[in-house]
Amino acid sequence: MTGLLIVIGFIVLLAFMAIGIYNGLVSNRNNRENAFADIDVQLKQRHDLIPQLIGAVKGYMEHERGTLEAITNARSRAMNATGINDKIAAEQELSGALRGLSIQVEAYPDLKANQNFMQLQNEISDIENKLAAARRYFNSATRELNNAVQKFPNNILAGMFGFKTEPMFDLGATERANLDKAPEVKF
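When you line the sequence shown up against the working numbering, it's residues 38 to 224, in that order.
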């Protein structure tokens, strides 16, 4: 009889451990999704500002139509992306297009002095800073989920219930390569 009680106690202990692991994995997944929702709010604001920015720039940069079209197309893909991973890829493309615009703007001193343009640039800069903070939180939540999914014995239950490691919201290979180059300083 004592042996039976020990076996039942062991099974109950394993069941409680499994429940705790599963609940922890669910919490981590939900934290990651919540973190991305914070990013979504900032992305929505950025998407709303882009048409205004393009409108302010259009008159000055009529012959730079390709840059403006690239931003518009990237914004459209970003707004239509579904799922966290698709949104990450689309937003990386949009960020690259916006960086291209910033480089092009340097050639237009009248545009840089335009009050509307300056206000929009400040607003986009503010949103980019907020996005950076939200991405850091998202990546932290993603790291916690990935750690929980990969640790033993969590990895056994994670595999059984379809939990998997998820990608971080990073710069992407192209932007990382650009950051690896030393900045060019001109006087």
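Note that these hints are calculated values from the structure, not bench results.
These figures come from a predicted structure and were not determined experimentally.
Any given hint could turn out to be false.
[Said to hold, decoys possible] No more than 27 Å apart at the CA atoms, straight line, and that leaves these computed lysine-lysine pairs for DSSO-like: (1) K81 with K124; (2) K201 with K124; (3) K167 with K81; (4) K124 with K167.
Unmet hints by their number, sorted upward, for this structure: Going through the list in order, the structure violates no hint and respects every one.
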